[in-house]
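Please take these sequences and the hints and turn them into a complete structure.
Here the sequence shown is numbered in this note's numbering, starting from 60 and rising by one per residue.
Please note that the accuracy of each hint is not assured.
[Unchecked claim] With a straight-line Cα cutoff of 27 Å, these simulated DSSO-like cross-link-like pairs (lysine-lysine) come out: (1) K146 to K135; (2) K153 to K91; (3) K87 to K168; (4) K143 to K123; (5) K134 to K91; (6) K169 to K87; (7) K131 to K169; (8) K80 to K131.
These are computed hints drawn from the structure, not numbers from a lab.
This one's a predicted model, so the numbers in the text were calculated from it and none came from an experiment.
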Amino acid sequence: MKKVIVTLVLVLVASFSYGQKSAEQRAKANTKEMVKVLSLDGNQEAQVYEVNLVKNTKLMANDKLESKEEKKANKKAIYVATGKEFKEIVGLEKMKEWWAYKKAQADRKK
60 MKKVIVTLVL
70 VLVASFSYGQ
80 KSAEQRAKAN
90 TKEMVKVLSL
100 DGNQEAQVYE
110 VNLVKNTKLM
120 ANDKLESKEE
130 KKANKKAIYV
140 ATGKEFKEIV
150 GLEKMKEWWA
160 YKKAQADRKK
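Okay, here's the thing in structure tokens:
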């Protein structure tokens with residue numbers, strides 16, 4: 060009986076951790092998508108990856124907070140700061156392209 064319970068617990072833990080991506084994995088996926096949509100060069104790609112990595116690390120730490128209001132405020136601040144950094148790297152016109160792309164994606168999900 061103990062073996063069955065231990066096995067079930069291990070399976071649950073493994074399935075939980077499998078579904079969660081690390082900050083690095085999320086940053087790579089975000090960067091890959093931005094490179095594809097915005098046709099970024101190698102230098103921009105490296106800078107965008109660094110910004111995405113910092114953003115995703117902060118967002119994952121933010122998710123551990125208990126207060127919903129604090130989470131929401133922190134999340135907004137993280138996205139605003141990240142947006143400014145992206146604008147400096149790729150320029151306003153490419154960011155407008157990106158925002159239009161993300162809006163179209165969100166509209167398709169509705």
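Practice task
Go through the numbered hints given earlier and state which of them the structure violates, listing their numbers in rising order.
Solution key: Those not satisfied: there are none.
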